[in-house]
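Assemble the dimeric complex from its two separately framed chains, guided by the hints.
First to last, the sequence lines map onto chains A and B.
For what it's worth, the numbering used here labels the leading residue of the first sequence as 1, then goes sequentially.
For what it's worth, the numbering used here labels the leading residue of the second sequence as 1001, then goes sequentially.
Hint data in this document are derived by calculation from the structure and do not stem from the laboratory.
For each residue, glycine too, the CB sits at the ideal point set by N, CA and C.
Any given hint could turn out to be false.
[To be verified] Computed, partial: chain B to chain A, Cβ under 8 Å:
id: 1; residue: Met1001
id: 2; residue: Tyr1008
id: 3; residue: Ala1042
id: 4; residue: Ala1096
id: 5; residue: His1100
id: 6; residue: His1103
id: 7; residue: Asn1108
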Amino acid sequence: MSIQFEVNGKVVSIAVEPRMTLADCLRHELGLTGTHVGCEHGVCGACTVLVNGDAVRSCLMLAVQAEGSKVVTVEGLSNDQELTALQTSFRKHHALQCGFCTPGMITTAHALLTEEPDCDADRVREVLAGNICRCTGYISIVEAVLDARSAYKKSDGNRP
Amino acid sequence: MKLPSFAYACPATLSEAVALLAAHDGEAKPLAGGQSLMPMMAFRVALPSLLVDLRKIPDLKQIQISDDGVRLGSMVRWRDIEDDVHLAKAHPLLIAAIAHVAHYQIRNRGTVGGSVAHADPAAEMPGVAIACEAEITAVGKGGNRIIKAADFFLGALTTALEPDEIITEIRLPPWPAGRRFAFQEFAQRRGDFAMSGVALYYDPDADGRVGNAHVGVIGVADRPQRLATVEAILNGRTISDATLAAAAEAASAAVDPHDDIHASAAYRRSLTGTLVERALRSAAG
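Here chain B stands alone, though its shape is the one from the complex (with noise of 0.2 Å):
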C-alpha cells in the first residue's frame, strides 16, 4: 500500500532531532534505514505525523573497536558490518549472526539501531544484544542514559525507549580470546523471519569444562531471551553427547512459543533443542 502522509525533516544534529521528537508528544518517530519502520506504515500499523530522518547527523555511523568491546553507532548498516575488517576478531558471533539478517539490498539500508529500537522477537541483533549482555546508549531531552539490553526489550515491537529518545550506540562487551560460539537459526528463506534462533558462547577452562556460559534465543518469545536452565547445565561440564542431550532437551522445556501460521508451538520447542544441539556441537568444533 502507498505510505498514509506524514511530515519529514532531516536534521543536522542529535539535540534538534531530539527536540522535533519531543515537540511532537510521541506522534513523531526516528528514520533510520526504514527497512521495517516503512513496511510498518505502509501496513498502517505505525502512523507517524512526523519523521525524523537521522542519515545526517554525524558520528552515528562509527564502528568503534577498543579494550572496551564494540560500539556500533546506531545508524551503522548491515553491510557496513559485513565490510569491517576487524569485526570478525572483535565480535565474531556479531558476524555470524548477522549474515543471517534480511535480504541482500535490505542490508544495504537496515541499521543496527533501527532493528534493536523495532524489536522485532525474531529478530537477530536484539538476540546478539541479549545473550552478550550489550548496553544501548540513548538520547533525549532528559540527556543520555544506558540502558542494559535485558530491560531495553519488554516485548514484541516494545522497548524501554521514550518516544523522545534515540539510540545513538549498541555496546558490546569485549571479546576474550579462546571464547566458544555460534550462531543456529532455521527461517523457511534464508533472509526471512527466524521460525527459532540461537546466540550462545562459553569460555572453556584448560580441561576444556564450560564456563561463563550465554545462551541467548531469538523468534520463540515475544521478546529475546536468555535461558538460564541451558546456562547452569552446561557450566562445569565438557561438551559430550550426553551435555548436548541435557541443554537441547532445557532447552526445548524452557522456551514456550505460540502457534502460528508459520509453525506449531510444538514444531517451535523441538526445534530449539536442535538449534541448541548443533550451536554446541559447532562451538565446540
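This is chain A alone, in the form it adopts within the complex (with noise of 0.2 Å):
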C-alpha cells in the first residue's frame, strides 16, 4: 500500500505492506535505525517514537496507520552538533550503559516533560515504568529526566 506521511519534519511517501510496523519501516525503508527493536510486542519500549506528539510504540503500530501522521523518531530530538538539554542530562547523570533502550528513553521522556515539565520523581517511574533497562537501575535515567525538567519550563529554552 501506497502511504504519506511526515518524519521529523520531512514529508515521506513510500509504498508498505500491510504487515509492516511503524518501526521497521522507520528502521528498514527510512534508515532511521535510531528507533530501536526489542521484543516486538509491546513491553519493552524501545521503540518508542512519537506521533503527533504522543508516545506510542513503534512495534503496535501498522506503517500503513501512519497516513497522514506526524512521527518523531529519536533523530528527530537532537541537533547536528551540541547535545540537547535532555542528552545533556543523560551524559552527565550516566543515565546510560549499553544504549539499547535510551533511544525510547529519550523519546518517552521528551513527551512526558513536553507535557508535563513539573512532573515529580513518582510520575517519571511511573510512565518510565513501560521502558525497560537491564543495564543502570533506572536511579540514574530517573535523576537525569528529573534534572532536565528545567529546560523544558521556558518556552524559549533550547529543546528541540
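Here it is in C-alpha cells:
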C-alpha cells in the first residue's frame, strides 16, 4: 500500500505491506535506525516514537496507520552539533550503559517533559515503567529526566 | 516476531466496516488501537486474514456525559479519559480503575472498545463494566444490539460478539452523589497485568449503612465477576473492622483462581481478600 506521512519534519511517500510495523518501516525503509526494536510485542519500550506528539510503541502500530501523521523519532530530537538539554542530562547522570533502551527513554521522557514539565519523581518512575533497561537500574535515568525539567519549563528553551 | 501477512482496509463508515467483516466469515478482525491485537498476532495467537481499521469512522471517539450516565465511544483511548475534565465527577470509579491500565505509551493508543472486545480476564475496563452493570452496544449485519456486561464476557478472550459485530459504545449507568467507591489492584509492576483487582461501590444511607453494594473482581477467574456473597454481607451493615474482616474472608472464599507462573492460587485468593478490605477501607474514607 502507498502511504504518505511526515517523519522528523520531512514528508515521505512509501509503499509498504500492511503487515509492516511503523518501527520496521522507520528502520528498514527509511534508514532511521535510531529507533530500536527489542521485544516486538509492546513490552520493552525501546521502539517508542512520537506520533502527533504522543509517545507510542512503534512495534504496536502499523506503518499504514501512520498515514497522514507527524512522526518524530529519536533522530528528530537531536541537534547536529550540540547535545540537547535532555541528552546533556543523560550524559551528566550516566543514564545509559549499553544504550539499547536509550532511544525509547529519550522519546518517552521528551513527551512527558513536554506535556508535564513539573512532573515529580513518582510520575517519572510511573511513566518509565513502560521502558525496560537492563543495565542502569533506573536511578540515574530518573535523575537525568528530573534534571532536564528546567529546560522544558522555558518557552524559549533549547529544547529541540 | 514479525506480524503474519494480512490484508488491510480502512473504511470511512461503520456500515462499510461491518460489510467487510461479514464478507470474511470470521477471518477478519476490527482494529482499534491494536495494543492487544498486534501482540496476539506477533505471537500467532490471532491470525486474521483482514484487519478492518476503525480509525476513520466518525463518532466512535466521543465521550458523552448526561443524566443517563456516561457513554464512551469504543475508540476512546485511555488517554482521552484521563484528559476529560468532567469524568472525574461523572464516574470517579472509571478514573480510579483506568489509572492502572497498561503503560504510558500504550495508553496513548489503547481503546476502551478494544479492551472490552479483547476480554482479558485481568483487564480493568471489563471489571468496571461488570461491577457497574454497564451495557455494551454493538452493530453488525443484523443491526444494532445492546448487550449487558453480565452477558458479554463468556471466558478468557471470549465475548458474546459475533464475528461481524463492532462495539460502538460502553454505557455506564449514572453515578449518584454520595456514592462510595474504590479500586484496588496488585501487579508486580505498575501497568502490568493484575494478579487480582477489586472495583467496588455502595450507596450509604443516612446512618452510614451500606446499600446497593457492588463488588467486582478481575484477574482471579476466566472473566471479571461480581462477588454476590460479599455484597450480601455488606448490604445493611456499617463499615467496621468486623464488616471488613467478614467481607475479606467471604471474598477469599468466593474466588477460585488458578496457579500460574506469577502466583499460586492460594496467594491470589488471599490477595483478593486483602484488596477487598483495602478497597472498603478506602471507600469509607
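Evaluated hints:
1. Met1001: Because about 6 Å separates B/Met1001 from the closest Cβ in chain A, which is inside the 8 Å limit, the hint holds.
2. Tyr1008: Because about 4 Å separates B/Tyr1008 from the closest Cβ in chain A, which is inside the 8 Å limit, the hint holds.
3. Ala1042: holds (5 Å)
4. Ala1096: Violated - the Cβ of B/Ala1096 stays beyond 8 Å from chain A, reaching only about 15 Å at its closest.
5. His1100: violated (11 Å)
6. His1103: holds (3 Å)
7. Asn1108: holds (4 Å)
The structure shown violates the earlier hints numbered 4 and 5.
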